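So the sequence lines, in the order shown, correspond to chains A and B. Mapped onto numbering that gives the first Met the number 0, the consecutive letters of the first sequence carry residue numbers 0 to 383. Mapped onto numbering that gives the first Met the number 0, the consecutive letters of the second sequence carry residue numbers 0 to 383.
Errors might be hidden in some of the hints.
Each pair may be met inside one copy or between any two copies, as identical chains are not told apart.
[To be verified] Below, in silico cross-link-like pairs of lysine to any residue (SDA-like), each with a Cα-Cα straight-line distance of 20 Å or less: (1) Lys307 <-> Arg330; (2) Lys279 <-> Lys367; (3) Lys3 <-> Pro196; (4) Lys378 <-> Gly358; (5) Lys310 <-> Ala381; (6) Lys3 <-> Arg377; (7) Lys207 <-> Ala225; (8) Lys279 <-> Thr51; (9) Lys207 <-> Gln159; (10) Lys310 <-> Thr93; (11) Lys367 <-> Arg377; (12) Lys107 <-> Asn329; (13) Lys378 <-> Glu314; (14) Lys307 <-> Ala381; (15) Lys378 <-> Phe363; (16) Lys3 <-> Pro16; (17) Lys378 <-> Ser362; (18) Lys207 <-> Leu153; (19) Lys378 <-> Leu357; (20) Lys3 <-> Met258; (21) Lys3 <-> Gly317; (22) Lys102 <-> Ala19; (23) Lys3 <-> Leu20; (24) Lys367 <-> Pro218; (25) Lys279 <-> Phe363; (26) Lys3 <-> Glu261.
It is worth saying that the hints were derived from the structure and are not from the lab. In this text, all values refer to a predicted model and were calculated from it rather than measured experimentally.
2 protein chains.
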Amino acid sequence: MVIKPRVLTPGPTALLPEAALAQAAASMHHRTDAFIELFKQVREGLKHLFQTRRDVLMFSASGTGGLEACVVNLVRPGDEVICVNAGKFGERWTKMNRTFGAKVHELKLADGQAVSVSAVKQALDQAPQCRAVFVQGSESSTATVHPVREIAALVRERPQCVICVDAITWIGAHEVRTDDWGLDLVVCGSQKALAMPPGLAFVSISEKAERLMQGVSTPRYYFDFAREAKAQKEFQTAFTPAISLVAALAASLAWVRQMGVENLWRNAAVLASMTREAMKAIGLEIFSQAPSDSVTAVCAPAALGSGKIIKRMKERHGAIIADGQDDLKNRVFRLAHLGYYDYMEALGLIGALEDVLLGLGHSFESGKALAAAQAQYRKLTATH
Amino acid sequence: MVIKPRVLTPGPTALLPEAALAQAAASMHHRTDAFIELFKQVREGLKHLFQTRRDVLMFSASGTGGLEACVVNLVRPGDEVICVNAGKFGERWTKMNRTFGAKVHELKLADGQAVSVSAVKQALDQAPQCRAVFVQGSESSTATVHPVREIAALVRERPQCVICVDAITWIGAHEVRTDDWGLDLVVCGSQKALAMPPGLAFVSISEKAERLMQGVSTPRYYFDFAREAKAQKEFQTAFTPAISLVAALAASLAWVRQMGVENLWRNAAVLASMTREAMKAIGLEIFSQAPSDSVTAVCAPAALGSGKIIKRMKERHGAIIADGQDDLKNRVFRLAHLGYYDYMEALGLIGALEDVLLGLGHSFESGKALAAAQAQYRKLTATH
Numbered sequence: 000m001v002i003k004p005r006v007l008t009p010g011p012t013a014l015l016p017e018a019a020l021a022q023a024a025a026s027m028h029h030r031t032d033a034f035i036e037l038f039k040q041v042r043e044g045l046k047h048l049f050q051t052r053r054d055v056l057m058f059s060a061s062g063t064g065g066l067e068a069c070v071v072n073l074v075r076p077g078d079e080v081i082c083v084n085a086g087k088f089g090e091r092w093t094k095m096n097r098t099f100g101a102k103v104h105e106l107k108l109a110d111g112q113a114v115s116v117s118a119v120k121q122a123l124d125q126a127p128q129c130r131a132v133f134v135q136g137s138e139s140s141t142a143t144v145h146p147v148r149e150i151a152a153l154v155r156e157r158p159q160c161v162i163c164v165d166a167i168t169w170i171g172a173h174e175v176r177t178d179d180w181g182l183d184l185v186v187c188g189s190q191k192a193l194a195m196p197p198g199l200a201f202v203s204i205s206e207k208a209e210r211l212m213q214g215v216s217t218p219r220y221y222f223d224f225a226r227e228a229k230a231q232k233e234f235q236t237a238f239t240p241a242i243s244l245v246a247a248l249a250a251s252l253a254w255v256r257q258m259g260v261e262n263l264w265r266n267a268a269v270l271a272s273m274t275r276e277a278m279k280a281i282g283l284e285i286f287s288q289a290p291s292d293s294v295t296a297v298c299a300p301a302a303l304g305s306g307k308i309i310k311r312m313k314e315r316h317g318a319i320i321a322d323g324q325d326d327l328k329n330r331v332f333r334l335a336h337l338g339y340y341d342y343m344e345a346l347g348l349i350g351a352l353e354d355v356l357l358g359l360g361h362s363f364e365s366g367k368a369l370a371a372a373q374a375q376y377r378k379l380t381a382t383h
Numbered sequence: 000m001v002i003k004p005r006v007l008t009p010g011p012t013a014l015l016p017e018a019a020l021a022q023a024a025a026s027m028h029h030r031t032d033a034f035i036e037l038f039k040q041v042r043e044g045l046k047h048l049f050q051t052r053r054d055v056l057m058f059s060a061s062g063t064g065g066l067e068a069c070v071v072n073l074v075r076p077g078d079e080v081i082c083v084n085a086g087k088f089g090e091r092w093t094k095m096n097r098t099f100g101a102k103v104h105e106l107k108l109a110d111g112q113a114v115s116v117s118a119v120k121q122a123l124d125q126a127p128q129c130r131a132v133f134v135q136g137s138e139s140s141t142a143t144v145h146p147v148r149e150i151a152a153l154v155r156e157r158p159q160c161v162i163c164v165d166a167i168t169w170i171g172a173h174e175v176r177t178d179d180w181g182l183d184l185v186v187c188g189s190q191k192a193l194a195m196p197p198g199l200a201f202v203s204i205s206e207k208a209e210r211l212m213q214g215v216s217t218p219r220y221y222f223d224f225a226r227e228a229k230a231q232k233e234f235q236t237a238f239t240p241a242i243s244l245v246a247a248l249a250a251s252l253a254w255v256r257q258m259g260v261e262n263l264w265r266n267a268a269v270l271a272s273m274t275r276e277a278m279k280a281i282g283l284e285i286f287s288q289a290p291s292d293s294v295t296a297v298c299a300p301a302a303l304g305s306g307k308i309i310k311r312m313k314e315r316h317g318a319i320i321a322d323g324q325d326d327l328k329n330r331v332f333r334l335a336h337l338g339y340y341d342y343m344e345a346l347g348l349i350g351a352l353e354d355v356l357l358g359l360g361h362s363f364e365s366g367k368a369l370a371a372a373q374a375q376y377r378k379l380t381a382t383h
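Throw the hints in and build the complete structure from the sequences for me.
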């Protein structure tokens, strides 16, 4: 049988063909007018994606590089910070801040729980010197969203504190309004909703954050915001950029711009909702208490475990879906909905999951998940 | 919403990524060792695809060019030939033969009917001087297969007659054994099961056909078999070949070779069977009395017509499916299963069709077509 390989994980995601082609065709030197022209487009596109009038910096690095850049430019040894830790990526904020000498107040949550606004408020009240709140927009390890907009409102009232958002799987899948919501540091990566390969990280920086970062002397070289900002205002990067990825990025951002970022949010919301209804219809539980639209974590039937399901999905249908991480390994499987992903593909995935689950002996009425997904899609897109 | 454009017609079909990339990367001159190396691979791959030990000629032309090549190399003005006409492409055999002066005995069939072996036998008995039987392997306008193997057995007994098969949507979707079945002239095109762009035609020629064609003086230049055979034995073409398409062809043939052509046949058979069961499950009739595995023609509900269905499929889901041709326009829609097409994509298409039909007011239980398709898939691929 013909099996098309499909990457259906919360990153890397399926490539936008225009981005793949632009990447393949890119052959230029970065200290040229051609690159300057390309990078001008990129900088405009990033503003639309982030919904900001401020500049967005680009680094040739994975998303984690973008996170580290925030910490090293903002946090001084001994600074008090609050880190929301609701999974693998929240844990990363904690570890990273400790690595650079911060005193971390960790808000540790059970897997699948979102932080409450009141818990953050309490932590802020107990640490009036707090330099920053570090949080995920979407914690993709547990497929959970945090109430970032509300947390930002709390932080906005505190002149010496900023909010720093890991928005890597949040931007382009959820409504994100950097300026309107007062998000100070926002980090994104290339291989998520932008539907392009990994290798680029993006960071937007508010005026307030810029002010607070002045004089911070935490050692940094590659990830120095001031150096990059100076170069990027001239449509250059401080160090050799990943040129082919910048070409892909320009194509992806043009695609987002053309449809409007709101449509990308809506797409993920509709496909995620379809997927959740589909899973519930065949008796599977959604793991998160505050489900993300970028990725859905589904509890595997206890008798099976997620490992078998994932293995069989790959063998039988060529689709790569994600296992749970750490403690959640073999307990949940994760289905992504972000980026270049559509209704027909979502149905294909749900149908293939039915096939795999039935084959493994999980009992339900065949076609039920698909019918539920279709019904939800019709409900959410009703024009007829 | 994100909508991925999909070509789900019986040609052009979705591109194999490896072929698309090879096409994009190809940059060579054709009178070089590099081209010779490429063309050696192509010639081996075509033998596997056609299941022949004989050479297969390649022309830079559409499939129709390959059909014409057969006529002009074989048929002398005044020759009697039998043409099976069960649709648009059978009609083409008839017109083409008449254009070059043949006396055509046309076996005209109602749309959706396959020719019977006895009808061909009778025609052969009534025309003992008959030079050739022209037939489609798969008549894609009505999604019908003819009993070509059995017709070939009749022709084999007649030393002065050959069978000439339009196998354009037949090869790679149905079992085709050129040598074992004694198929004399077999024509294929690049944009069908090979999952590459249009622009190349392939013709296999039996020893018997080669013998009969000696001395045929029907005017021809570009499509002269003898000239091409001479050049292609030296791994060259007589005229400038479509170089980028030859590079794509090499990639497609490598893919076929790797999985084995039998798996490509089986893939189409399974997906076609799924599709037929899905359509029947929601009360839609399969048009053909002898359905092809490369494409399925489905009767549109009379109240709707196929035009509306096709338009809405494109608008709402980005999928291009085919209308009926000529008299069948607005009566049937056609769904292809050949080439680089898999289970998840088939489910996506069936689900999208359900969505479109429900939206247009055709009434059935949502999800029923999908469940039928899944059940048929499980039945045909049962390993669990």
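Comparing the hints with the structure gives:
In the homo-oligomer, the alpha carbons of Lys307 and Arg330 lie at most 20 Å apart inside one protomer (11 Å), although the nearest pairing across protomers, at 45 Å, exceeds that limit. Proximity of Lys279 and Lys367 under a CA criterion of 20 Å is satisfied in both settings, with 10 Å inside one chain copy and 19 Å between copies. Both within a single protomer and between protomers do Lys3 and Pro196 lie at most 20 Å apart by alpha-carbon distance, with minima of 19 Å and 18 Å respectively. In this homomeric assembly, Lys378 and Gly358 come within 20 Å of each other (Cα to Cα) only across copies, at 11 Å, whereas the closest approach inside a single copy is 30 Å.
For the identical chains of this complex, Lys310 and Ala381 are inter-copy neighbours only, at 18 Å across copies versus 36 Å inside a copy, given an alpha-carbon limit of 20 Å. When the C-alpha separation of Lys3 and Arg377 is checked against a cutoff of 20 Å, the pair qualifies only between copies, where the shortest distance is 18 Å, while the shortest distance within a copy is 27 Å. With identical chains, the CA atoms of Lys207 and Ala225 are at most 20 Å apart within one copy only, with a shortest distance of 15 Å there and 79 Å across copies. When the C-alpha separation of Lys279 and Thr51 is checked against a cutoff of 20 Å, the pair qualifies neither within a copy, at 37 Å, nor between copies, at 52 Å.
Taking the closest pair of Cα atoms, Lys207 and Gln159 come within 20 Å of each other only inside a single copy of the chain (9 Å); across copies the shortest separation is 91 Å, beyond that limit. For the identical chains of this complex, Lys310 and Thr93 are neighbours neither inside a copy (32 Å) nor across copies (53 Å), given an alpha-carbon limit of 20 Å. In this assembly of identical chains, Lys367 and Arg377 lie within 20 Å of each other by CA distance both inside one copy and across copies; the values are 15 Å within and 16 Å between. Taking identical chains as interchangeable, the C-alpha atoms of Lys107 and Asn329 are never at most 20 Å apart, the minima being 22 Å within one chain and 62 Å between chains.
In this homomeric assembly, Lys378 and Glu314 come within 20 Å of each other (Cα to Cα) only across copies, at 18 Å, whereas the closest approach inside a single copy is 33 Å. In this assembly of identical chains, the alpha carbons of Lys307 and Ala381 lie at most 20 Å apart only when taken from different copies (18 Å versus 37 Å within one copy). Taking identical chains as interchangeable, the C-alpha atoms of Lys378 and Phe363 lie at most 20 Å apart only when they sit on different chains, with a minimum of 17 Å there against 24 Å within one chain. Taking the shortest Cα distances, Lys3 and Pro16 sit within 20 Å of each other both inside one copy (15 Å) and across copies (10 Å).
Proximity of Lys378 and Ser362 under a CA criterion of 20 Å is satisfied inter-copy only: 17 Å between copies versus 27 Å inside one chain copy. In the homo-oligomer, the alpha carbons of Lys207 and Leu153 lie at most 20 Å apart inside one protomer (14 Å), although the nearest pairing across protomers, at 87 Å, exceeds that limit. In this assembly of identical chains, the alpha carbons of Lys378 and Leu357 lie at most 20 Å apart only when taken from different copies (12 Å versus 27 Å within one copy). With identical chains, the CA atoms of Lys3 and Met258 are at most 20 Å apart between copies only, with a shortest distance of 13 Å across copies and 27 Å within one.
For a Cα distance limit of 20 Å, the shortest separation of Lys3 from Gly317 qualifies both inside one copy, at 6 Å, and across copies, at 19 Å. In the homo-oligomer, the alpha carbons of Lys102 and Ala19 never lie at most 20 Å apart, since the shortest distance is 43 Å inside one protomer and 54 Å across protomers. Both within a single protomer and between protomers do Lys3 and Leu20 lie at most 20 Å apart by alpha-carbon distance, with minima of 19 Å and 16 Å respectively. For the identical chains of this complex, Lys367 and Pro218 are neighbours neither inside a copy (56 Å) nor across copies (62 Å), given an alpha-carbon limit of 20 Å.
Only within a single protomer do Lys279 and Phe363 lie at most 20 Å apart by alpha-carbon distance; the minimum there is 11 Å, versus 23 Å between protomers. In this assembly of identical chains, the alpha carbons of Lys3 and Glu261 lie at most 20 Å apart only when taken from different copies (18 Å versus 30 Å within one copy).
The structure does not agree with the numbered hints 8, 10, 12, 22, 24 stated previously, though it agrees with the rest.
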